[in-house]
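Q: Chains as they are written, first to last, in this note's numbering: chain D, 1 to 217; chain U, 1001 to 1217; chain L, 2001 to 2217; chain V, 3001 to 3217; chain R, 4001 to 4217; chain F, 5001 to 5217; chain B, 6001 to 6217; chain Z, 7001 to 7217.
No lab work stands behind these hints, which were simulated from the structure alone.
Just so you know, these numbers come straight off a predicted model, no measurement behind them.
C-beta: ideal position from N, C-alpha, C; glycine also.
Treat each hint with caution, since some may be false.
Said to hold, decoys possible - Each pair of labels, with its calculated beta carbon distance range:
#1 ASP6067/B / ASP2067/L: 44 to 52 Å
#2 ARG131/D / ARG1131/U: 36 to 44 Å
#3 ASP3133/V / ALA4084/R: 47 to 55 Å
#4 ARG4012/R / ASP2067/L: 30 to 38 Å
To be verified - Per the computed footprint, the stretches of chain F lying under chain V, defined by three or more beta-carbons under 8 Å from a beta-carbon of chain V, are:
#5 5108-5120
#6 5184-5191
Below are the chains, spelled out letter by letter.
Protein chains: 8
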Amino acid sequence: MELKLDTGRRERLGLEEAIFCSHKSDEQLATILRQHAEEVRACLLTRLSAEQFARLPAIFQSALDYDPGSATAILNGPDPCGSAARLAIVTAGSSDVPIAREALRTLAFHGVHAEVVFDIGVAGLWRLLERIDELQQFPILIVVAGMDAALPTVIGGLYPGLVIAVPTSVGYGVAAGGNAALNTLLGSCAPGIVVMNIDNGYGAACAALRALRIADR
Amino acid sequence: MELKLDTGRRERLGLEEAIFCSHKSDEQLATILRQHAEEVRACLLTRLSAEQFARLPAIFQSALDYDPGSATAILNGPDPCGSAARLAIVTAGSSDVPIAREALRTLAFHGVHAEVVFDIGVAGLWRLLERIDELQQFPILIVVAGMDAALPTVIGGLYPGLVIAVPTSVGYGVAAGGNAALNTLLGSCAPGIVVMNIDNGYGAACAALRALRIADR
Amino acid sequence: MELKLDTGRRERLGLEEAIFCSHKSDEQLATILRQHAEEVRACLLTRLSAEQFARLPAIFQSALDYDPGSATAILNGPDPCGSAARLAIVTAGSSDVPIAREALRTLAFHGVHAEVVFDIGVAGLWRLLERIDELQQFPILIVVAGMDAALPTVIGGLYPGLVIAVPTSVGYGVAAGGNAALNTLLGSCAPGIVVMNIDNGYGAACAALRALRIADR
Amino acid sequence: MELKLDTGRRERLGLEEAIFCSHKSDEQLATILRQHAEEVRACLLTRLSAEQFARLPAIFQSALDYDPGSATAILNGPDPCGSAARLAIVTAGSSDVPIAREALRTLAFHGVHAEVVFDIGVAGLWRLLERIDELQQFPILIVVAGMDAALPTVIGGLYPGLVIAVPTSVGYGVAAGGNAALNTLLGSCAPGIVVMNIDNGYGAACAALRALRIADR
Amino acid sequence: MELKLDTGRRERLGLEEAIFCSHKSDEQLATILRQHAEEVRACLLTRLSAEQFARLPAIFQSALDYDPGSATAILNGPDPCGSAARLAIVTAGSSDVPIAREALRTLAFHGVHAEVVFDIGVAGLWRLLERIDELQQFPILIVVAGMDAALPTVIGGLYPGLVIAVPTSVGYGVAAGGNAALNTLLGSCAPGIVVMNIDNGYGAACAALRALRIADR
Amino acid sequence: MELKLDTGRRERLGLEEAIFCSHKSDEQLATILRQHAEEVRACLLTRLSAEQFARLPAIFQSALDYDPGSATAILNGPDPCGSAARLAIVTAGSSDVPIAREALRTLAFHGVHAEVVFDIGVAGLWRLLERIDELQQFPILIVVAGMDAALPTVIGGLYPGLVIAVPTSVGYGVAAGGNAALNTLLGSCAPGIVVMNIDNGYGAACAALRALRIADR
Amino acid sequence: MELKLDTGRRERLGLEEAIFCSHKSDEQLATILRQHAEEVRACLLTRLSAEQFARLPAIFQSALDYDPGSATAILNGPDPCGSAARLAIVTAGSSDVPIAREALRTLAFHGVHAEVVFDIGVAGLWRLLERIDELQQFPILIVVAGMDAALPTVIGGLYPGLVIAVPTSVGYGVAAGGNAALNTLLGSCAPGIVVMNIDNGYGAACAALRALRIADR
Amino acid sequence: MELKLDTGRRERLGLEEAIFCSHKSDEQLATILRQHAEEVRACLLTRLSAEQFARLPAIFQSALDYDPGSATAILNGPDPCGSAARLAIVTAGSSDVPIAREALRTLAFHGVHAEVVFDIGVAGLWRLLERIDELQQFPILIVVAGMDAALPTVIGGLYPGLVIAVPTSVGYGVAAGGNAALNTLLGSCAPGIVVMNIDNGYGAACAALRALRIADR
C-alpha cells in the first residue's frame, strides 16, 4: 500500500511533515519511514509509543532521534540550534511535562529554541510570582496545565503576550481525560487566551510557529 | 392539599425550615406560608422569583422580608445580629453576587454574620493579594466563582482554613450552566477544597453552619 | 453596591476594560456606566441585549455607541481609525456574522482595523478559493464558523499565518449550542489552529491584539 | 447452545449473513461457523480480531479468507469479480484505512467492485482537487474521515451523487472515540450527506448496496 | 450588508438554493429575498417561523408559498407536479409530521413527488404490516421517527431499498432533544440504514435527490 | 477485616444475599465466602470473572457452582427445580446472552424456573412473530437487548404483561457502553415498559421475583 | 389531515388510548378529540398544558375532565371507582406531586384506585418510617423522586413488593432535567427496583396495570 | 530533570507534601523520593499502584510504609498516634473501602486518628440506625459511597455536624466511573453536605484537617 503524503506542506505552511502514530499499524509506519529515508526528507513522528518504536526495523530505530519522555522521534532533523529562546513553555505540574516536551521537540525540529519553566501551578502561587518577570520577556507562552487548569488564567491576567494554553488529560474522576481542564481554559476570565486540543503539545508548537511569522513580515 | 413538612429539622440538625420555590405552584407556596404563619414558625424561602413573589396573597407579601437580588424571602426571621462576622463570603465576579447573597441571607436567618468581599477574581490577581491577609482571620471562606472558577484554587493554596466552593452558572458556550466551573473545583490542585452544587449558595451556608459547630463542642 | 473593577488591566495587558453584560442586572450595569462616565474612562460592553440597552437610563443610551448586530456598546471609544487593516475576519455563513462583528468592534475599540470577508463556507468551495490570495497578505485570520466548522481546517491547510478559530452556536440537532463545531476545531487536521470558546468573538479579538504585539517588539 | 440466525435475510434484503464478532465468545463463533460450513452458506465476519482468529479451530482458520487490516473474514465468498467499479471509497487519512477496507471487503463479498482513493484530507486540499474529476464518474461515494471530518463536507459541495459518510474513532482528546467527527458530519453544511455510526464501514457498504438497487429497478 | 450566496449550487449539485432561517435576522431575510426576487430565482426557506414570516415585508409575504406546518416557504417554485411518486415518506407518530412535511416540500420544490404514510410506529405493529407491501414498490423510503425510533430498524429488516432515517426531537426526559433517537438509528441492527441530523427533513430530501440520480445515469 | 453483610435481606425482601464481585479484592471475596461457608448460608456471586474465580482458594472453587457464560457462582444453592416456567427471558441477539444467563441463574437461585427464547431481534421480524403466541402465556417477560434495543418496544405493543427491559453494552460507536440502548428503552413508545441499569440481568431477575409476589398475595 | 390511531391497543394490551400532547398542534388535538367524540371512545390526554387546554374548541373544553395539577384530561372516562386501593403512590417532595398525580389519574382512567402518600423524602427519615408499615400492605409502590432520588433505594431495602421508580426533573445545577435522579435509580443498591423515564408518571401507571394482571391470571 | 516541589505548603496550609503518582513516570517518582530522603522530609504518596511500588529502587521500597489496600505510601511519617478519634469515616459498601483507607491514611499521616465504620449502606437501613448514636459524638463525618450514593443524604438528615461526602467509581452501566454518585451527592436534599471529586479520599481528609482547625482557633 502506498501512502499519499501531503508533500507540499512545507512550502504552503512552512511546517514540516509530521506523522501522528497512535492509530497507525507497524506496516504503515515502516512504509512512511522508508519513503522519507529514500528521499532524505525530514520527518517528525508524534505519539510513537515505546512499544511501537521497539517494533520498528532496526535500521529506522538507529536513524531516528527518539525521545520516550515525549513519545516523539525525528528523522533527518536540523542540528541543535544555539540561538536564543524565542518563547517559553510553562507547566503547572510535573505530570504535564510529557506534553510540554512534545511542544519543545516540535519547535526544535523547526529550528526554534524555547525556554522551559516547569512546576509553577497556582496552588503554590509563589512559584509563579517568582518567575513572572522572566516570562514577561517572551512574546509567546505555551502554558500546559491539567486538572483545574487555573495557571493560564492567572498568567493571562499578568502577561500581555500571546498565551497558547494546552489542557492535559492528567487527573482522575471529573478531571480524567482532560475535558474539565479544556473547558476551564475555553471559559477563562483572562481575555484572549487561545486553546488547543487536550494533550496537543504538537499543535501548540505549530501555533507558535505561525504566530512567530508575525514578527518576520 | 396538605403538605408534610420536615418539622423536626431544627431539633435534629440545628437548621431552620427552608422552602425551595422553583418548582412549586402558587397554591403550594400559599399553603406553606399559611401553615407557618399560623404557627408563627420561622421559614426561609429560596429561589422565589420576583414573579412568584408578586403573585402571593398581599398578606404574605407584607409579612415577608423579600430580597430580589438573591431571590430569597424570610418569614419570622431573627432580628439582625450585631455580632462579629464568623466567616467571609468571597466572589470572583459581579455576576456571582446573587449566589453570594443567597448564602449571606441564609446565614443571617440562622443568626450568623458574614463578611463579604466581592470581585476578586484571579484574572486581576492584585485584587485578591490586597485582601488575603484580611481573609486569613476567618476559619471558613465561602468562595463563589463561575466560568474558569480559578479563584478557589488560588485561595486554597494560600489559606489554611475550610474553603467551601460554590460554582455558578454564569457564562456562555462551554461555561454555560456551570458544569465547567463545577468540574474545575472538584478537580482543584489545592488540597481539601469542598464543593457544592452549581449556584447552591443556600447549601454553602448550611455547610458553614455545620462546620461552625466544631468550635462549639 | 460598589463594584471592584480590574482597573489596572490596560497597564498590565494593554487591553481596555470590557463588561460582559449577560448575567448582570440593570442596576449593576448602571453602576458600572456611572463609574466610567465620571472618570471619563473607555469601556466596551459585550452581550448587551437590545432589551438591556432599552432599559438603561437615557443619559447612557445617548452616550453609548450601540451596535445591535453584535450586541456591543462602546463608551468613550477612540475615533474611527483610517489605518490599513492588520488582520482579516472571515465567516463561513451569514448566521456567523454577529460573532464576527463582536470581534470587529472589539478590535476597533482598541484602534485596530480589520478586513471582513463573509460567507465563504467550504460547502461552496469556490467562494474561498476566489479570496484566498487576498487573505494571504494578512499575518492573522480570525475565522468564525458554526455547524460543521470545516472552513478553518481548509484555510489552515492553505495559509501559513496564525488562524484564530471561533466556533458558533448556529445550527440545530447535534450542532445546536456549538459543541460540535468546537470539537471539530479542536480536532482539526490542519496543524496549529488555535480555538476560542463558542461565540467568543471578543476573545478572538483580544487574542489577535496579544499576537500583534509580536510585531511590535 | 443453538443460535437462531436470520436465515431469510438474503431473500428479504439481498444482503448476505454477517456476523459481528466483537462481543461473541470463541464458542459462539465456532458454533456459527460450523452451522455455515455444514450448509455451505456464505458468511461475512466483521470485527474479528487477530486474537479471536488465532483461537478458532484450525479447520475454520484455513477455510476463512481473513484480512487483518480490516478485521474481516469471509467464508464461502464469491470469486473475485473483474467487473468495473460501481462506486468509490475515499479516506481522509491513512488511519481511516481499516474502516475503508471493511467497506471494500463487504462490497466484494456481495460481488460489487469499488475504486479506492486514500489520503485526500482537506488539510492538504490539492490532493482532493487532483482527484475530484475522477470521482465525479461514480454515482456513490463512501467517504471515511475522522478527527475534524471536513472532507465529506467539501466533497458534498462539489459532487452531486450520494455521499455516504463514515466517521472514524481516530484521534485523541475531544476527537477520541469519533463523536466529534460524527457530529461534524451530521451537522454538515453540504446538503444531503448521509451518515453511518462511527467506524461502521460494513454499514456503509450495505447502504451502498441498497442504493445501487435504484439503478436496477 | 450584501450576502454572498452559493449561486453555483444548482449547477454543481442539482440542488436549488435553500436558506436556513433560524439564526437569521429579519434584515438578513429581507435582503436574501430581495436578491432572489430581483433575479427571479427560485428559493426554499426552511425553519421560517410563523413569527418571522409575519415580520417580513408584505410584498414577500404574498410572493411566498408559506406552509406553517413545516415552517417552509417557497419563492418562485415549480408548478405542482402531477407525476407519479418516486419515493415514500413514512412517520412513526403524528408529532413527527412537521419534519416529514419539510422533506415533502423540499422534494416538491425540486419537482419530485413523494407518497406519505403517517403514524405507523411499531408500538402498534399492525399499522406497518398493513402497509409494507405498498412501501416495497419504492426504491427509497424516508423514515421519520422520534422517542425510541424503532420504526426504521423494523423497516430496514423487511425492505431492501435505501432507508434514509431522520430522528426527531419529539419526547421528554431522556428522549428530549432527539439524541436518544439519533443514537438508536446509528446503532441500528438493520444493516445499511443511513442517518440524518435530528429534525433534518430538508437534508433527507436532498439525500434522496442525490440517490435518485443513480437511476438517471 | 470483617465485612458487615446485610444479613436480614432474606427476611425483609425475600431475596437471598448476593455479592457483586467486580470491585472486590481477592481477599474480600475469600472473607465473604468463608463467612457463608461457616454458616452454611446460600450466596450468589455476580460479575465474578474467570480470572477472579481462578484465584480463589481451591476449597471455594470446588464448593461453588460457577458459570463462566454469565460470570455467576452459587454457594449452597437450592436443588434444580423441576417446576414449570413462571416467566420467559428473551434476547435480541446472541451477544446479549450472558446478561440473559445472569437473570436465569439469579431466578434459579431463588427456585424460579424461566423459559429462554434467544435471538429474536426485530431486524429479522419473523423470528419474533413465530414465537409471540408462546410468549403470551407468561405474565412477565425479561427482554434483553443492546444496540438499537427495538425489541422491547415491539414486544410491548403486542404483549399485555409486565415487560422488564435490560439494555446491554453490546455494540460500538454510539452504541458502545449501552447508553443508547438504555435511552431507547426509557423513551419507548410502548406504554409501561420498565427498565433496568445496563447489563443488569441480576436486577431484572430480582424485579421479577418482586412482581411474582403479586400472584402470591 | 387524518390521524392513524392505534385503535386496537385496548384489545391487545388492555390499555386505553392515550395522547401525548406536548408536541402536537392545536389542530392535531382537535382532530383527535373529534374522532373520539364521534365514536364515543374513551381517551386520556397527557401533558396537555393549561394554554393548550384553553385554546381547544369550547365543546371539548366542557366535555373533558381536565386536571391542571397533572396536565391530564379525560374524555369519556369511567365513573369514579369506590373500590379499595390496589397500590400506593409515594413522593419524596411536594415538587414531585404533579408526576404522582399523572400516575394517579392514569390509574383512575383504567378503573384502578391508588393510595397516595406524599412528602416522605429520606432527608427527614422519620416521615418514611412512620408510614412504612402501612405501605407494606400493597403489592406495588410507585415511588416518585427527584434531586438525589434516595427514597426508592431506602424503600427498596425495606419493602419486598414491586417498586416502580419515577425520577423527576425537579432541581437545579447537576440535578436539573432529572438525569442525576434517573442514574441514581438505575444504579440503586436495593435489588430489583425498576425505572421509568424522567417525569413519566403515565408510564409508571401503565407498568402497574401490566403487573396487576399477574394477580388476575 | 529537577522537580519544583511546593515546599512551603506545610507552613502556609498546615498540610504536608503529597505526591499524586498516577501519571508520573518511574523516573519522576525516584527523583521525588530521593529529594525527600536526602532532606529527611515527610512525604505521602497517593495512587501508587502495586506495580509502580514494585518498580521503585529497593532502598525506597524498604523506606516506605506502603499500604496496597489504599495504594498509599508514607515516607518519614509520624509515629502512630494513640489519641482519641476526632472524626469518623463511614462507607456504604465494602467496595468503597480503598477510598476510605486513603482518607484514613492521610489523616494518620497528619497525626489525626479517625474511627472507621464500614458497610452501612441504606439498602439495609438497620445497619445505619444501629450506629447512628455512636456517630453523633463526632463533629465531622467523611462518608464514602458509590452507585446510588444515598447514604450521605440519609446521614445528612439525621446528623447535625459536617458531612464530607466522597463519591466512588464503583459500579457498572450508568454508575460506572462515579458520575452518577457524584451528581446524587451534589443534588442531595439534605442541606449542607459538601462534596469531593470521585474517589478523592485524600482530599476529604485534607478538608477535615482544614475544618478541625475551627476548633483550634
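Q: For a quick check of understanding: which of the numbered hints are violated here, in increasing order?
A: Of the numbered hints given earlier, those the structure breaks are 2, 3 and 6, listed in rising order.
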